[in-house]
Amino acid sequence: MDAILLQVLNGLDKGSAYALIALGLTLIFGTLGVVNFAHGALFMIGAFCAVTLSRLLTLSHEVIDETRTDFLGNPLKVDVPYLYDIFGETAGAAIIDWAVPLSILFAIPVMILIGVVMERGLIKHFYKRPHADQILVTFGLAIVLQEIIKYYYGANPIPTPAPAAFTGSFDFGALIGFEPNTIIYPYWRLVYFAFAALIIGAVFAFLQFTTFGMVVRAGMADRETVGLLGINIDKRFTIMFGLAAAVAGLAGVMYTPINSPNYHMGMDFLVLSFVVVVVGGMGSLPGAVLAGFLLGILESFASMREVIDLIPGINQVIIYLVAIIILLTRPRGLMGRKGVMED
Amino acid sequence: MFGLEKKDRSLLILVALLTIFAPFILNPFPEGSAMAQFNAGYPDLMQRFVIFGIFAIGFNILFGLTGYLSFGHAAFLGVGSYAAVWMFKLLSMNVVPAIVLAVVMSGLFALLIGYISLRRSGIYFSILTLAFAQMMFALAYSVLTPITGGETGLQLALDDPRILDGAGASAGNIPVPSLFGLEMRDSADLVLGSWVFTFNIGYYFCAVIMLLAFYLSIRIFRSPFGMMLRAIKSNQQRLNYTGLNPKPYTLAAFVISGMYAGLAGALMASMDPLAGAERMFWTASGEVVLMTILGGAGTLIGPVLGAGMIKYMENIISKINSDILHGWFAFLPDGLEDFVVTIIYPFIGKGWHLTLGLIFMAVVIFLPGGLVEGGQRLAALFRRKKTSTDDGSPAKTEPAE
Chain R
1 MDAILLQVLN
11 GLDKGSAYAL
21 IALGLTLIFG
31 TLGVVNFAHG
41 ALFMIGAFCA
51 VTLSRLLTLS
61 HEVIDETRTD
71 FLGNPLKVDV
81 PYLYDIFGET
91 AGAAIIDWAV
101 PLSILFAIPV
111 MILIGVVMER
121 GLIKHFYKRP
131 HADQILVTFG
141 LAIVLQEIIK
151 YYYGANPIPT
161 PAPAAFTGSF
171 DFGALIGFEP
181 NTIIYPYWRL
191 VYFAFAALII
201 GAVFAFLQFT
211 TFGMVVRAGM
221 ADRETVGLLG
231 INIDKRFTIM
241 FGLAAAVAGL
251 AGVMYTPINS
261 PNYHMGMDFL
271 VLSFVVVVVG
281 GMGSLPGAVL
291 AGFLLGILES
301 FASMREVIDL
311 IPGINQVIIY
321 LVAIIILLTR
331 PRGLMGRKGV
341 MED
Chain G
1001 MFGLEKKDRS
1011 LLILVALLTI
1021 FAPFILNPFP
1031 EGSAMAQFNA
1041 GYPDLMQRFV
1051 IFGIFAIGFN
1061 ILFGLTGYLS
1071 FGHAAFLGVG
1081 SYAAVWMFKL
1091 LSMNVVPAIV
1101 LAVVMSGLFA
1111 LLIGYISLRR
1121 SGIYFSILTL
1131 AFAQMMFALA
1141 YSVLTPITGG
1151 ETGLQLALDD
1161 PRILDGAGAS
1171 AGNIPVPSLF
1181 GLEMRDSADL
1191 VLGSWVFTFN
1201 IGYYFCAVIM
1211 LLAFYLSIRI
1221 FRSPFGMMLR
1231 AIKSNQQRLN
1241 YTGLNPKPYT
1251 LAAFVISGMY
1261 AGLAGALMAS
1271 MDPLAGAERM
1281 FWTASGEVVL
1291 MTILGGAGTL
1301 IGPVLGAGMI
1311 KYMENIISKI
1321 NSDILHGWFA
1331 FLPDGLEDFV
1341 VTIIYPFIGK
1351 GWHLTLGLIF
1361 MAVVIFLPGG
1371 LVEGGQRLAA
1381 LFRRKKTSTD
1391 DGSPAKTEPA
1401 E
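Chains as they are written, first to last, in our numbering: chain R, 1 to 343; chain G, 1001 to 1401.
Bound-form chain R, shown alone (with noise of 0.2 Å):
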């Protein structure tokens, strides 16, 4: 019992991850039709914002410590952030130890921006092309962004930790009632999984309950009544855009702590969401969330010890494996629309 509630809090973490991207790529595919081979790189992205501002709140200036003294017995020169003159010694080291949450406020505005910027820029003119056309041409984006990031910020993972309140792990089975020491977690993943379930309900909450939303869903059921109603559905669908770049941005984020950002992380996990929305039946965001999920919790029980020993290799396969028999016994995934890319 014990091993299996493990298995499934380990698949957590990866499966809010998934569900967070393919969150992203379905919004785009439900309202523009398109899709985005770039949006592994603009969780990418996301993770790279964490990294800046991390960097930028510790710009330092160098002062002489006349009280200490260096091995030759010089005065030691002590690199000082400039957030220490500012806000004091202890408020700057507490903001310069909380960068990665803090990012999320300055990756949000990026993100719209970089989202909008690209929608308008280059995927407007391939509404009217087809599919492999806008696969080609957001592959080719994918990877610009990507060496635009390596060129910048060199090909070695940056390490960006968590806060410390959040770093070390907590007992969680005896918090439930198991025998301790069974079930050992990271804070910091839970933080990741109660974020992404944040974002998820406020992405839907955003498109249940306001005007803008329910717009929005309309637009995705039938786009050219909406138009002749006399909207401009196509101004929307931008900002719906840069909305999905912000969720593939905050998730990326987030999940700095958790796997030190390098450029290529965006491409290891967008082969594996667009398995997520196609598991989950391209177009439907619920189906999105919940193939997410749920990919990510067998991924980790197929890592089982138990589970390798009697199939060898399956961890590495799982995801592709439910994949197939999917796509071949439903295709239009587990939660797809009728008649919706089903061919």
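Note that these hints are calculated values from the structure, not bench results. Everything numeric in this text was worked out from a predicted model, so none of it was measured. Careful, some of the hints might be misleading.
Calculated lysine-lysine pairs in the DSSO-like style (CA-CA distance at most 30 Å, straight line) [said to hold, decoys possible]:
#: 1; chain 1: R; residue 1: K235; chain 2: R; residue 2: K128
#: 2; chain 1: R; residue 1: K235; chain 2: R; residue 2: K77
#: 3; chain 1: G; residue 1: K1006; chain 2: G; residue 2: K1385
#: 4; chain 1: R; residue 1: K150; chain 2: G; residue 2: K1350
#: 5; chain 1: G; residue 1: K1007; chain 2: G; residue 2: K1385
#: 6; chain 1: G; residue 1: K1319; chain 2: R; residue 2: K150
#: 7; chain 1: G; residue 1: K1233; chain 2: G; residue 2: K1247
#: 8; chain 1: G; residue 1: K1319; chain 2: G; residue 2: K1350
#: 9; chain 1: G; residue 1: K1233; chain 2: G; residue 2: K1007
#: 10; chain 1: G; residue 1: K1233; chain 2: G; residue 2: K1006
#: 11; chain 1: R; residue 1: K124; chain 2: R; residue 2: K150
#: 12; chain 1: R; residue 1: K128; chain 2: G; residue 2: K1233
#: 13; chain 1: G; residue 1: K1233; chain 2: R; residue 2: K124
#: 14; chain 1: G; residue 1: K1247; chain 2: R; residue 2: K128
We have chain R; now place chain G onto it with these hints.
Here is chain G on its own, set in the frame of chain R:
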């Protein structure tokens, strides 16, 4: 001749001449001069030109004709490589059995994967092929290590059986792949003044095979079978209505292009007898897509051009560093020189992928027909301007379709 039309025949002859004289054409700069780094006439790179040319020609038979975009074609290349290296290990260092087994194996894999994947079309087909290729990559990397060598890759060893070669043949050294005694890595140098031209047996072997593959693809393009594939691309539904089942045709195209990929993989292993799982990774599949689109999907010569261009960029542009750039722009005033170098620097050396991505995007946006279409447009422009005179190089821009 060869059962080709006049236009196709001249194209084939042109390609043949280009490949035969490639060691001269690709080495235009004398040894030791400042431009010598742009010489591409060394065996390793020339081999890659033709091998990836074969790979792209095969991919084009599927994508160019039927419009099915496979994102997992590198898997067949990997299968071909593994099969060839196993032949080297078990049977003989002769490349013929290796190539035969590689083509057969990759054909079988393509038959299986194609049979399943082709039940869907459009984006679903792309994702299915991607999923299969990633699965094969993951398995080759982990569980199948006894067969594939896992992370280190599959390599030759001294104690391999090599039944046909006999035990004493290797005499303490790991033997090299050969064609009935002609060692693939043997080359002859021709020194003309300050120029050095290298003629490599491996290169000419690959080149001959590429010409055969190219000829076969011309025949496929011009055959009723090729016409059927084009019909699938333009309107599958109408094809169904006329009472034709498109599936066997698409599957045949998929298997043929998978066999081309396996052939390319076998040649890679013949030039350098090792095989690694990274050849099957999905970025490798993406690369052949780039090559085909860049050159011009659906045209005869396009994929070969694209493969050549990408491999040239990979090897030559990535070698330029900032010192060389400073050397080029030394004539500019100091401040301006530094400025120009700073602007260009991100696009060269390690940043060549950036250049590639930008060129690729530009091609998809402005020139969906690739370099071939660009050439045709240029030719049309010239023709309009000087209607009476011959246009510059009709051979290069000759519409292949």
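- Item | Hint numbers not upheld by this structure, sorted from lowest to highest | Structure breaks hint 2 only.
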